[in-house]
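K.L.:
Okay, here's what each chain looks like letter by letter:
Number of protein chains: 2
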Amino acid sequence: MLKHALPDLFPVAGFRLGTACAGIRYPDRRDLVVMELDHGSHCAAVFTQNAFCAAPVTVARRHLDSGVPRYLLVNSGNANAGTGRQGLRDAQQCCELLASASGCAPAEVLPFSTGVIGEALTVSKIETALPAAVAGLADTGWGDAAHGILTTDTVPKGASRRLDIGGHTVTVTGIAKGAGMICPNMATMLAFVATDAGIDNALLQSCLENAVAGSFNRITVDGDTSTNDACVLVATGRSDLPAITTADSRYAMLCETVEEICIELAQAIVRDGEGATKFVTVVVDGGMDANECLQVAYTIAHSPLVKTALFASDPNWGRILAAIGRSGIADLDLAGVDIFLDEVCIIRGGEVAAGYSEAAGQQIMNRDEITIRTSLGRGNVSEQVWTCDLSYDYVKINAEYRT
Amino acid sequence: MLKHALPDLFPVAGFRLGTACAGIRYPDRRDLVVMELDHGSHCAAVFTQNAFCAAPVTVARRHLDSGVPRYLLVNSGNANAGTGRQGLRDAQQCCELLASASGCAPAEVLPFSTGVIGEALTVSKIETALPAAVAGLADTGWGDAAHGILTTDTVPKGASRRLDIGGHTVTVTGIAKGAGMICPNMATMLAFVATDAGIDNALLQSCLENAVAGSFNRITVDGDTSTNDACVLVATGRSDLPAITTADSRYAMLCETVEEICIELAQAIVRDGEGATKFVTVVVDGGMDANECLQVAYTIAHSPLVKTALFASDPNWGRILAAIGRSGIADLDLAGVDIFLDEVCIIRGGEVAAGYSEAAGQQIMNRDEITIRTSLGRGNVSEQVWTCDLSYDYVKINAEYRT
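Top line first, the protein sequences correspond to chains Z and P. Sequential numbering from 8 applies to the first sequence in our numbering. Sequential numbering from 8 applies to the second sequence in our numbering.
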């Protein structure tokens, strides 16, 4: 199964979610999500690196600088991007509306938007729907929220773990959305992860940054980086685990779980990539450093020719080879390069492997989850990225997106 | 008309072309081309920068180092790439066969192959067809040769000029092929240009390199660089123009015409890009240097989201804006950025231009030739690249290429 069903999402004490149908783009669809952080929570976030970042990203960054937020406010259907000064006023006004409905300061609200770029946000629709979302706040609201943040996604995406740290149960739960305009850095479009662990703010931020580096920043659907990407990690401190204040073994355990959650969410985004029919792990090992491994991996993962061959289940390894060749690695010795499709070696030392047959390659290509592994044979560093194929439906979805 | 008909191709004295049907991939299709250079000709060439270059590229480079070639031998249908040591032996053997059929040395033959990667070249088919190609050598053979080098191209591509240099008529004629796996550097797949001007070898090489920089290295269909790209410029010296031996005004005139021919051929490749329905010129001006202009231009030209919006004739300028934003230009001041679709200004100072309407954008998008112009507002350097849209047919052609 390429796409996984939404797993059980464990509540996180001190973190409540409420949703409503605001009719921002489609009627009768959950498109407004409010998330509430208990007093005493900490919050870390990373945002898109696109220079044309959307208005809510600008406002969220500013509000985060001024202290720990009490609320996250998300709308889907409209990205409020490319909307200039009016867009900033609209994002600010959304914060003010939630602030007055909940009794916090406007700067304690972080706004997030996802959807079509370049259209004005209809704030009045959000104003009308906000009370229902606030009234519905509950720690069991993760599933509805996972639906509420979707755009062209076909399935909701969530991941959840309970772990034991020194005899105390800690929960980590997250949701994400994203199906197109997906590429590092910050490829998530939107992801929200919460834990009831208590943890120092600086540690929380580095925990998030490390997790994102190995998860959301290792996926690509189409090489396009969104204007609205954001990933938020909240720690409510409501578990009975004593607060984590140093980078000790408890911190390492929490970080590991947060990264697992992020990888699961990131992979779910690729599995639901626009038009995707295959989930592809691109591994590059034997490199001299991480940069060159990633350079080769992304060149393969972004190649329209490789991606259409994957869609066709065609073991056209020549296209993989051509992608490696043009990836710009200095002094690459072809005689050291091996390429595998899952367990089948297709290229050994830069040439077709002895015993390789088209039938063997075809058998792998018929699978809907495939690993393309390239060994550069010049070092011992390894990296991997996750991607999907390029299908008719990718073109269809993106040609018809606004019609 | 997106695709242009093959124009009249003037013969170039001292350069003869012959073709034959070798049945390399399809029966009854011209797929073998022999080109003969008169004694006393000079020959310049540039090749793919893909590290996995094909066997014929390796052999052609080596033969070119040993002196001026007498023959160019081209086959379509099979790229002889990713074929290892056997591929090198096959390319070498093709040279030997033509050498013995024509009475030159094997090192005086440059081999070129284009087509599917990773399959062994059937040299026996070329051996059988070679005599017919050699027997048919004629200076009127350009049109047949333009057909003979095609693969997924739907139309033959040629350009031809006669110019007057100091009272002497000089002819420049060229043909090219290429429709997929098209990206700098050396995006041509294959292009052959000949002139009857006499010219010093070093000048000829720099003439070619300059022309390629402004033409074949400014186009992209899908961002993939072929393993087989090559562009050859032959000067036979058979016109009555005294040989050009210094970089004087006559040289400048010749270079200008060679570049015009190369631009016309390069644009013809994009117009015939796999599945292309639109020809798009991406201009970036107001940059601080050529690199940053090209960086922005290629980010726009490679964006699958921009390309599918073009296919849908959707003035979804948010995708152009997002591409500019992620192109990695340091300290880009959005307030200085303007974007135009042909004559219509859509973004002024980073925001939707006053008076811009969706209808105005739609009117431009309905055209089949469109210029996207971005002004960065931080310098006076300008660059342009040419590309096409991303359509269902691109996916179809590349998913079904080997079936």
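Don't read these hints as lab results, they were simulated from the structure. Remember, it's a predicted structure, so these values are computed and weren't measured experimentally. Virtual Cβ for every residue (Gly too), placed ideally from N, Cα, C. Don't take every hint at face value.
[Stated by the list, open to error] Just the calculated beta-carbon pair ranges, DEER-fashion:
| no. | chain 1 | residue 1 | chain 2 | residue 2 | range |
| --- | --- | --- | --- | --- | --- |
| 1 | Z | Asp35 | P | Ala366 | 26 to 32 Å |
| 2 | P | Gly362 | Z | Ala142 | 38 to 44 Å |
| 3 | Z | Asn373 | P | Glu103 | 27 to 33 Å |
| 4 | P | Ala337 | Z | Gly74 | 39 to 45 Å |
| 5 | P | Ala142 | Z | Ser364 | 37 to 43 Å |
| 6 | Z | Thr65 | P | Thr253 | 55 to 61 Å |
K.L.:
Determine for every hint whether it applies to the structure shown.
P.N.:
So, going through the hints one by one against the coordinates:
1. For Z/Asp35 and P/Ala366, the hinted distance range of 26 to 32 Å is satisfied, since their beta carbons lie about 30 Å from each other.
2. The given range of 38 to 44 Å is respected by P/Gly362 and Z/Ala142, whose C-beta atoms sit roughly 43 Å from each other.
3. Checked against the hint of 27 to 33 Å, the pair Z/Asn373 and P/Glu103 fails, with Cβ atoms roughly 42 Å apart.
4. Look at P/Ala337 against Z/Gly74: about 30 Å separates their beta carbons, and that is not inside 39 to 45 Å.
5. The beta-carbon spacing between P/Ala142 and Z/Ser364, approximately 40 Å, falls within the hinted interval of 37 to 43 Å.
6. Taken as a hint, the range 55 to 61 Å holds for the pair Z/Thr65 and P/Thr253, whose Cβ atoms sit roughly 58 Å apart.
Comparing the model with each earlier hint shows violations of hints 3, 4; every other hint is respected.
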